[in-house]
Amino acid sequence: MGTINSAFSLISGALDADQSALSIVANNVANANTPGYTTEIPNWQENQPVTISGVAYGDGVTQTGATSLRDRVLEQRLDQQQQLAASSGARSTALNSVQALFTPDSGAASATAGDIGSDITGFFNSFSSLEADPANISLRDEVLSSATTLAGDISNAAASLNAQRSAVDQEASGVTSQVNSLSGEIAQLNQQIESTSPTGNAGVLEDQRQQDLSQLSQLIGINQVQTENNGLSVTTTSGQLLAGNGVSFPLTSGTVGGVTHFFVGTADVTTQLASGGGQLGGLLIARDQDIPSALNALNQMAYNISTQVNAQNNAGTDLNGVTGTAANPLNIFSSPAAVAGSAAAMSVVMTDPSQIAAAAAGQGTGDNSNTTAMANLSNQAIVGGQTPTDFYSSFVSTLGATVSGVQADNTAQNASVTQLQTQNNALSGVNLNDEAAAMSTLQSSYQAASQVFTMLNTIMAAALNLGDQTTVA
Amino acid sequence: MRVDPSYVSNLVGSLDQAQANEQQLTAELSSGVSITSLSQNPVSSGQNVLLLNQIQQDDSFTQSSNLVTGQLQVADSTLGGVVTQLTQAISLATSANNGTMNSSDVKSIGAQISGILDEVQSLANTSYQGQYIFAGGQTSTTPFTTSTGGSPNVTTYNGDQDVNHIETPNGQKIQLNVPGSQIFLGAGPNSVFAALNSLVADYSTGAVNTTQAVSDSQALSTALSYVSQHRVTIDNSITQLTAASEAVTSSQTQLTGAQSNLMQADVAQVSTQLSLAETQQTALEDVIAQLDQASNSLFSKLQ
Numbered sequence: 001m002g003t004i005n006s007a008f009s010l011i012s013g014a015l016d017a018d019q020s021a022l023s024i025v026a027n028n029v030a031n032a033n034t035p036g037y038t039t040e041i042p043n044w045q046e047n048q049p050v051t052i053s054g055v056a057y058g059d060g061v062t063q064t065g066a067t068s069l070r071d072r073v074l075e076q077r078l079d080q081q082q083q084l085a086a087s088s089g090a091r092s093t094a095l096n097s098v099q100a101l102f103t104p105d106s107g108a109a110s111a112t113a114g115d116i117g118s119d120i121t122g123f124f125n126s127f128s129s130l131e132a133d134p135a136n137i138s139l140r141d142e143v144l145s146s147a148t149t150l151a152g153d154i155s156n157a158a159a160s161l162n163a164q165r166s167a168v169d170q171e172a173s174g175v176t177s178q179v180n181s182l183s184g185e186i187a188q189l190n191q192q193i194e195s196t197s198p199t200g201n202a203g204v205l206e207d208q209r210q211q212d213l214s215q216l217s218q219l220i221g222i223n224q225v226q227t228e229n230n231g232l233s234v235t236t237t238s239g240q241l242l243a244g245n246g247v248s249f250p251l252t253s254g255t256v257g258g259v260t261h262f263f264v265g266t267a268d269v270t271t272q273l274a275s276g277g278g279q280l281g282g283l284l285i286a287r288d289q290d291i292p293s294a295l296n297a298l299n300q301m302a303y304n305i306s307t308q309v310n311a312q313n314n315a316g317t318d319l320n321g322v323t324g325t326a327a328n329p330l331n332i333f334s335s336p337a338a339v340a341g342s343a344a345a346m347s348v349v350m351t352d353p354s355q356i357a358a359a360a361a362g363q364g365t366g367d368n369s370n371t372t373a374m375a376n377l378s379n380q381a382i383v384g385g386q387t388p389t390d391f392y393s394s395f396v397s398t399l400g401a402t403v404s405g406v407q408a409d410n411t412a413q414n415a416s417v418t419q420l421q422t423q424n425n426a427l428s429g430v431n432l433n434d435e436a437a438a439m440s441t442l443q444s445s446y447q448a449a450s451q452v453f454t455m456l457n458t459i460m461a462a463a464l465n466l467g468d469q470t471t472v473a
Numbered sequence: 001m002r003v004d005p006s007y008v009s010n011l012v013g014s015l016d017q018a019q020a021n022e023q024q025l026t027a028e029l030s031s032g033v034s035i036t037s038l039s040q041n042p043v044s045s046g047q048n049v050l051l052l053n054q055i056q057q058d059d060s061f062t063q064s065s066n067l068v069t070g071q072l073q074v075a076d077s078t079l080g081g082v083v084t085q086l087t088q089a090i091s092l093a094t095s096a097n098n099g100t101m102n103s104s105d106v107k108s109i110g111a112q113i114s115g116i117l118d119e120v121q122s123l124a125n126t127s128y129q130g131q132y133i134f135a136g137g138q139t140s141t142t143p144f145t146t147s148t149g150g151s152p153n154v155t156t157y158n159g160d161q162d163v164n165h166i167e168t169p170n171g172q173k174i175q176l177n178v179p180g181s182q183i184f185l186g187a188g189p190n191s192v193f194a195a196l197n198s199l200v201a202d203y204s205t206g207a208v209n210t211t212q213a214v215s216d217s218q219a220l221s222t223a224l225s226y227v228s229q230h231r232v233t234i235d236n237s238i239t240q241l242t243a244a245s246e247a248v249t250s251s252q253t254q255l256t257g258a259q260s261n262l263m264q265a266d267v268a269q270v271s272t273q274l275s276l277a278e279t280q281q282t283a284l285e286d287v288i289a290q291l292d293q294a295s296n297s298l299f300s301k302l303q
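The listed protein sequences correspond, in order, to chains A and B. Residue numbers for the first sequence follow this note's numbering, beginning at 1 and rising by one. Residue numbers for the second sequence follow this note's numbering, beginning at 1 and rising by one.
Misleading hints may appear alongside valid ones.
Stated by the list, open to error - Computed beta-carbon distance windows for the label pairs:
(1) Ala268/B - Thr252/A: 57 to 63 Å
(2) Gln380/A - Ala258/B: 23 to 29 Å
(3) Ala311/A - Gln175/B: 41 to 47 Å
(4) Leu11/B - Ala337/A: 57 to 63 Å
(5) Ala311/A - Ala247/B: 31 to 37 Å
(6) Ala20/B - Gln226/A: 36 to 42 Å
(7) Gln24/B - Gly200/A: 49 to 55 Å
(8) Ala258/B - Val349/A: 35 to 41 Å
(9) Val232/B - Thr398/A: 47 to 53 Å
(10) Ser251/B - Thr351/A: 35 to 41 Å
(11) Gln380/A - Gly150/B: 29 to 35 Å
(12) Asp268/A - Ser251/B: 54 to 60 Å
(13) Thr142/B - Ala311/A: 58 to 64 Å
(14) Gln226/A - Glu285/B: 40 to 46 Å
Rather than coming from a laboratory, the hints here were simulated on the basis of the structure. Just so it is clear, CB atoms sit at the ideal spot from N, CA and C, and this is done for glycine as well.
With the sequences and hints as input, model every part of the structure.
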């Protein structure tokens, strides 16, 4: 048989449970704007009924703590998508600085400065002009000055690309320390989670771990593997372990061939990290693929234009009647030894305009046939199987298409991140309306329980006084 | 159904995007250029390089063509002068050969023809901007010199047989000069200087060998028509150059039009887009403001 005493204990248990649920709601509201906080819901558990003389009596309610509302699959999807978006974001930023070096020439005279396409045309046009009057010194000066402009713009662009490459390299190597502090933190949190809540919800600890994973996903591509006792192994996308239970394996960096390479233990994981994603992945793609390919195009142009123009100039006779020889060449451009590095080193070595070999070998100084041959180099496939202008044109188209492709990828990936974020917020974010409703419900039930308590008190007093109203109140 | 409680921050993201869009459109309007970076339109950027190359080539050819037209016109008018001089020499020789003149008249005609010879030689040594135009490739060497003391004197050519061409942007080659030896020192009876020198020798003594003088006069007539033939080559070059120049100018106009279409902002279209973007921004701002005014959550209703 249930007693008034048991009713007291039952209702005071209910008051306790309501209080602790209220504190959970209050905690939710307090953390409404905390990054990484996962909304918590109170767990209610019906107490075991007491069976007396074959009759079961309910024994009230217990508050067994809070459960975080999280969906690990959704969180992992979000992390993965963030890795992709961070990668294309970093790559797109790097590519934007690359394409800024090759801004399209609007055609207005003031805008032609620094445009390599116009420089190439201007250089070969200066030979066409020289055809009209091959001995004219001012036309010859024009050839050297347009050659200087071309060489200057190509070497400036190459120097800027090299500078951008080392800036990207530095940025990439700076990522390591952030990765290591995050993976160390994850390893520690793993240990705490495994010891405090091997089976259930780890609440705040898990929020912190998720927040670290999310930050780590911005930096590099990772895989997450759930292990026993609520632990989590974090590996790179290629499988090198970064963080396990209490131990973490740092990402180290070292210079190989002039650029930073990345290691886990002794394994060089640079290539894998590049394709893995995250900010580091994007930076490595820009550093190892995008910028070198732009540089290579410039090198090819510089090497072939320099070599071919020099060769043609050595095939003719200059204004002094001299024909270039291997020992005493009449070079307009510095002679490049190899394709690599030729853009940065491109320069004009000729200072005397009379050394331009306008005439064919052995002809008088009024002859212009070698000038015509030099002007015609602009219509010959001397750079990578294309004319110099065609080569430059397809280079800018390709670069533009790469940048625009990466930007489109980045936009799509960011949209998908936003979508997943919305889904995740809908589940795990603190919804103040929900909290207000819960608060209101709990308030009512707390008021009801305390009302029951007051009434029980009256009943208890009545029972103790056996009808006398004055003895016990 | 649960919703994302932080939807206002998404709206702010859209607002940022609308503003970035407006910024881009405003930049297009103020600069008049629609493509400011390669990634905006990679294909057009590539085409733009090719179009500008052709436009600049055309432009450069137009300038060169003005320069060489000047030179060709000087050559043409010089040869015109030569023809006049030679015609005069022929009529002088004809009058000397008709047997009615006394010895001093014949000598005086000889002296006049000698003067014409000097004049023709100086015309053959004409230079344009410091370069001899009838010297082939040896433009810095005086092309014609005449030895004195011989009978007849001999005029020699110090130039070479080099012919220069200018190439139009579509590859047509236009001849720029005719070597002086071809004009003035043709083979046999075609040599202007040989005929003139012979006539001077014929009349210098005052006693005319009529047969020889008539034959030399005829040689001069032949040489004159030979000069005229070469003048036609120069005239042809001028005509070709004018035609090429006109073709290039018209192609340049078309290319410039195409390039403008490619790169210039379409003001009407950009303005419409800008106005749309502004409307969107205003709408977004209103939505955010209203959300701000509305109670942020149920809490504001709880007492």
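Comparing the hints with the structure gives:
no.: 1; hint: Ala268/B - Thr252/A: 57 to 63 Å; in the structure: holds (59 Å)
no.: 2; hint: Gln380/A - Ala258/B: 23 to 29 Å; in the structure: holds (25 Å)
no.: 3; hint: Ala311/A - Gln175/B: 41 to 47 Å; in the structure: violated (27 Å)
no.: 4; hint: Leu11/B - Ala337/A: 57 to 63 Å; in the structure: holds (59 Å)
no.: 5; hint: Ala311/A - Ala247/B: 31 to 37 Å; in the structure: holds (33 Å)
no.: 6; hint: Ala20/B - Gln226/A: 36 to 42 Å; in the structure: holds (40 Å)
no.: 7; hint: Gln24/B - Gly200/A: 49 to 55 Å; in the structure: holds (52 Å)
no.: 8; hint: Ala258/B - Val349/A: 35 to 41 Å; in the structure: holds (38 Å)
no.: 9; hint: Val232/B - Thr398/A: 47 to 53 Å; in the structure: holds (52 Å)
no.: 10; hint: Ser251/B - Thr351/A: 35 to 41 Å; in the structure: holds (37 Å)
no.: 11; hint: Gln380/A - Gly150/B: 29 to 35 Å; in the structure: violated (52 Å)
no.: 12; hint: Asp268/A - Ser251/B: 54 to 60 Å; in the structure: holds (56 Å)
no.: 13; hint: Thr142/B - Ala311/A: 58 to 64 Å; in the structure: violated (34 Å)
no.: 14; hint: Gln226/A - Glu285/B: 40 to 46 Å; in the structure: holds (45 Å)
Hints 3, 11 and 13 from the earlier list are contradicted by this structure; the remaining hints agree with it.
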